[in-house]
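Student: Residue strings, one per chain:
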Amino acid sequence: MLEVFNLAKEYPTPRGPLTVLSGICLSLKRGDAVVIMGPSGAGKSTLLYILGALEQPTAGTVALDGQNPFQLAEKELAAFRNQLIGFIFQDHCLLPQCSVLENVLIPTLVANDHAGYPVRARELLQQVGLTDRLDHRPAELSGGEKQRVALARALIRKPLLLLCDEPTGNLDQASADVVASLLLELHQRQETILVVVTHNAELASRFPVRYELSHANLHLAGA
Amino acid sequence: MRTSTLLARNLTWYWRTNLAVLLGVSTAVGVLGGALLVGDSVRSSLRDLVLGRLGNTDFVISRNGFFREELASVFGSACPMIAIDGVVAHEPSGRRALGIQVYGVDERFWKFQAEPGEPPRNQQTLLSAALERELGVKAGDAILIRVQKPSAIPLESLHGRKEDVGKTIRLTVTEAAFREFSLRPQQGDVRAVLVPLARLQKHLDQRGKVNTILLADGRASSGAIERTLKDRYTLEDLGLRLRTLEKQRCLSLETDSTLISDDLAGTAAATAKSLGLGTEPVLTYLANSIRVGGREIPYSVVTALGSPPAPAEAGGITLNQWAAQELRAKPGDAVSLDYYVWKSDGRLHTDSAQFRLAEVVPLKGAATDREFAPKYPGITESENLHDWDPPFPLDLSRVRPIDEQYWKQYRTTPKAFVPLARGQQLWGTRFGRLTSIRIFPPSEAYGNALRAALDPAKMGLTVFAVKARGLEAARGATDFGEYFIYFSFFLMVSALLLTGLFFKLGVEQRMREIGVLRALGFSIPQLRAIFLLEGAALAAPGAVVGMGAALAYGGFIMLGLRTWWIDAVGTRLLSLHASIASLAMGAAAGMVTGLGSIAWTLRGLQPVTPRGLLAGVERRKSERRPLLIGMIAAVMAVALLAAALARKLDQTAGFFGAGTLLLIAALCFESTWLNSRSLAPVGGQITLGLRSATYRPGRSILCIALIASATFLIVSLDAFRREGASTGTGGFPLMAESVLPLIHDPNTAIGRDALNIPPLEGVKFVPFRLRPGDDASCLNLYQPRNPRILAPPAAFLRSAQFQFQDSVARTANPWLLLESEPADPVIPAIADANSMTYALHLKLGEELVLDQTRFRIVAALQDSLFQGELLISEKNFLRLFPDVEGYRFFLLNVPPARAYELTGVLEAALADYGFQIQPTEARLAGFHKVENTYLSTFRSLGALGLVLGTVGLGAILLRNVLERRRELALLRAVGYLPQHLAAMVLAENVLLLLLGLTTGTVCALLAIAPAVSLRGGHLPVVSLSLLLVAVLVAGIAASLAATAAALRSPLLKALRAE
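Residue numbers (my numbering), protein chains in the order written: chain Z, 310 to 532; chain L, 1164 to 2221.
Be aware that one or more of the hints could be misleading.
[Claimed, not checked] Short derived list, chain Z residues pointing at chain L, Cβ under 8 Å:
(1) 366
(2) 381
(3) 387
(4) 390
(5) 405
(6) 406
(7) 416
(8) 417
(9) 491
(10) 493
(11) 494
(12) 498
(13) 499
[Claimed, not checked] Pair by pair, the computed Cβ-Cβ distance ranges are:
(14) 1766/L / 325/Z: 26 to 36 Å
(15) 380/Z / 1175/L: 36 to 46 Å
(16) 1711/L / 380/Z: 45 to 55 Å
(17) 1175/L / 322/Z: 35 to 45 Å
(18) 1795/L / 322/Z: 30 to 40 Å
Note that these hints are calculated values from the structure, not bench results. For glycine and all other residues, C-beta sits at the position ideal for the given N, C-alpha and C.
Please put together the full structure from these sequences, using the hints given.
Tutor: This is the structure in structure tokens:
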């Protein structure tokens, strides 16, 4: 379960604190998939990074699988992220020096267990259609392919929560469709909690639950 | 996928950055390892010189006087020889060389040293290559060798021959080479001449005698050789004689010097006592006149005894019948004795003593004992009084026929006897207070018992482990490794800063990657570990490459020491000695410091959030901390300045500390300023460029710090150069040293006459006693184990000349501390501050032990011409070294305008003494040259560090510009021309350069203010300005190159990528 209660985030500025998020509450269970939309600067990415324990909230709590990551020490927090959270960024953020397979396996380098990851990585890459690109470098891939590698990397540790920040933002329509389909398919297959932040209405329309973030508050779209 | 795979990928992918890091580590290892190699190389070269020049010699037995050459035969592999100092003159050209080592050798030396060829024979002589070059000698040329003529009788005693101290030998140079030989550790050329032993013995009147034995036995200890020597020496080897006087039924212990020292007298008496024998100490002297009333007898032998016929009462005198008759004296008459006394001021005085005639004894029994008088050359062997040839003035017109008759009949039979204590009071000298000791009854056992009781070493026959001592001295007065680590310090710091900088640039380039890894669950320690592993993987090959660089750097420094910096070492005989230990140490230290610098860089990863990392955000440092540090440093600087101005602490140290603190404060304030981004509002390209300096304030401050530190170093070093006039001459324009000692006082007409010096108006000599030893100045690379010792006269101490740096007691004239009588038996000594610190490695008040005598440094002279020696009082000198006679060191007060002319006159007049004059300024300049050369070395290596700093600046500029390609592209898109962009970049970099140069210069000028003022306010403005302008130009060139590189890349493509 992902439980978010009364979440708030403010940034200090010379003219006083800037409230980006306020009173955000959210409850998602395994298999849920939601999309969060909203104008630029509304705080979508901030919310996503807070959910991913990459950024501290100003107030409120976040609990994933019953654990509040912000109460964890640095070492445990890193392990928490590694084990329970998968990330996909708009900019794929692949390591240019590593091959496709190696990029997928990067999170496993700091995993507590090391069993079967190369096999799983190959399976994931097969599932995203990149079996023949295992040894390629990111520079040799198209944008859609890079994002598919990022998807496989995000899922390698079988995370409970999969967070995507504009996963198709840099892709053409065809590639975006492929990535979106794969994302949803793999989410369903692995029963993750999927949270996607996007501007893309086309992508958003494929999600059963859609939220909109505006004026620091989160509302169900159309509600 | 394993961590190692990721590591391998990172290393190869970012190879450019990694190569720069690797080269940075290599440079650090190269500089550190190279500096250590320099230390090893200097030590090893000095060691090689010692071993090469000693050849097979492990030990030396030597004596101030001469001993039997047969003594050598009791040792296994031994070579007897004569080793003395002399003056060599090339007869055809008249060129002279002073302070030459003259060795009397024969085939035994050739065999001992396994020399090829033949030793010099008959009239032949061999010169060392350096001496041949110096004199321009070729085979067949005649040379004149002047050496001190050995005299068993002390020169500073009445019977010492003061005008005949030298002997000249004419020999012909033969064409043969010999391996350099020297018993003294010295890095300079060997200036030596080999002379046939037999010929030298003949000229010195020492047939069958030598003063040195070389021993080859590497496994023996000094103790074992001393034991053999003690078992096998004879009394003759110590200049002692034990005669049996049949008529007197006693033994007579006498010495070649005619005087028996108190120590010897004590041992002789104790030995006799241990055998149940009696002793009678004897002191015989020559009276110029014995007078009673108006009558007198000239030139009479007088003996002081502790028993009859000498009277018992202190003021009494006994005359023999002949004398009493001649003087018409009767008991109770007043008798006066006139006699010569040679005093330590170099003058012959006539003193007089009054007695009361106690008894007249007939000429029989003890009163006719002519053996009371020792053998005085020129007197005792003469057939009549008119044949006397004593070393003091004699008025033969006073000699009457009746005196001749007495001489013919009684020879040296004393005409008068005085009590021993009175005689010793009148005629005792530092050389002894007896002329013989009689042992009653004659015992055959006495000779052996005395031999066993005497310690040859205490009697001057000493064993030196010359090879072991030489090797010990070869460890050097100066640890060049340590010096070159200091000299290379800035270069090393630059290399390490660059290592850290390149690594930082690499890390910054990969901030997004780090963000991804953190998002994927990598903890900060794990990321640090990966980067550190990467650093280690770079440092290891960097260290390997660095070892090669160390060899190159070490070789370069050694080349420098043999060529450009030869003034610091004074020899071209230094070569690179590669030591695995130093290379490994340099590699390990370089790796550790390189990794340390990388670890320091990685500190910055922590506070940036993963999101920040993903967004490429760099953490901005708090403005408070540097501000706080800056304020603390500034306050401390002001406090130090105040303390220095109030003379609460040494001004130079105070100002230097204040300058350094001020530099730190300035850099902290600049860091605060750059971090606050409070530069002027953007109003044009230039201000836009200036604003860019705040883009990466950390990088900007690093550039400023590098340049400021280098500038500080270079400016402050220049202030320590010593040039021009100095107080270190004590106001004496000339100084001189002689090979042979001068016994007479050249300040008196009689002394000048004896020395053959013409009357010279306005010339005043200050003669110093000199005990030869190791040069303790910076001109000697070997560690001075036994420094030269000088003793100025008491009047000089009172004249309070020369400036002192410090003394153990607050006193207006620290020279007088030499005459203090400390409670413990420690000799007060004065040393030059530089020699004390850098050659003797002592501090004020610390002690130095030489031959079991403790010396305490009571004052330190400031930059004086006495850098090569220790100074003690004349009184202590005469007590410690009674055998060292005369004066060999002189300060000359002459009218400066006539210094050159007088130098020629005096050197010519005293040529026989090997008298060499040197302007005191030249002597000081010689020392300053060494100091200045060290500073030049430091500056050169500092400048190399500055070059590295400039490379770093270029790298930072390029990185900044490349990172801002999109910004630059945008500016191009909105109409900026390339030159506008260049102006912007240039403005930023000129700002950094000027801040660095100004900060460094201002702080350094403050630091060196007292040093500059002490040296006469001289600052090398032109050379400094040129250097600083060169740095500015190099920096501008680097920034232009960086801009050009950035502009060459497709900017608009970068813009589209946005």
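Student: A separate judgement is required for each hint: does it hold in the structure or not?
Tutor: Against the structure, the hints:
1. About 12 Å separates the beta-carbon of residue 366/Z from the nearest beta-carbon of chain L, more than 8 Å, and the hint is not met.
2. For residue 381/Z, the suggested interface contact is broken, since its CB lies about 11 Å from the closest CB of chain L, more than 8 Å.
3. Annotation: interface hint on residue 387/Z holds; nearest CB of chain L at approximately 3 Å, less than 8 Å.
4. At a threshold of 8 Å, the smallest CB-CB gap from residue 390/Z to chain L is about 5 Å, leaving the interface hint in force.
5. Given hint, residue 405/Z at the interface with chain L, holds; its Cβ is 6 Å from that chain's nearest Cβ, closer than 8 Å.
6. Contact between residue 406/Z and chain L, as hinted, is supported at the beta carbon level, the nearest pair being about 3 Å apart and thus within 8 Å.
7. Satisfaction of the interface hint for residue 416/Z is found here, the shortest Cβ-Cβ separation to chain L being roughly 4 Å, below the 8 Å cut-off.
8. Taking 8 Å as the C-beta cut-off, the interface hint given for residue 417/Z holds, the closest approach to chain L being about 7 Å.
9. A cut of 8 Å between beta carbons decides the hint on residue 491/Z: the least distance to chain L is about 19 Å, and the hint is violated.
10. For the restraint placing residue 493/Z at the interface with chain L, the shortest Cβ-Cβ distance is roughly 22 Å, beyond the 8 Å limit, so the hint is violated.
11. At its closest, the beta carbon of residue 494/Z sits 22 Å from a beta carbon of chain L; the interface hint therefore is violated under the 8 Å criterion.
12. Given hint, residue 498/Z at the interface with chain L, is violated; its Cβ is 21 Å from that chain's nearest Cβ, farther than 8 Å.
13. Checking residue 499/Z against chain L by beta carbon gives a least distance of about 17 Å; that is not within 8 Å, so the hint is violated.
14. Taken as a hint, the range 26 to 36 Å holds for the pair residue 1766/L and residue 325/Z, whose Cβ atoms sit roughly 32 Å apart.
15. Distance hint check: the CB atoms of residue 380/Z and residue 1175/L are about 41 Å apart, consistent with the given range 36 to 46 Å.
16. For the pair residue 1711/L and residue 380/Z, the supplied restraint of 45 to 55 Å holds, since their beta-carbon distance comes to about 54 Å.
17. Taken as a hint, the range 35 to 45 Å holds for the pair residue 1175/L and residue 322/Z, whose Cβ atoms sit roughly 43 Å apart.
18. Between residue 1795/L and residue 322/Z the Cβ separation comes to about 32 Å, which falls inside the hinted range of 30 to 40 Å.
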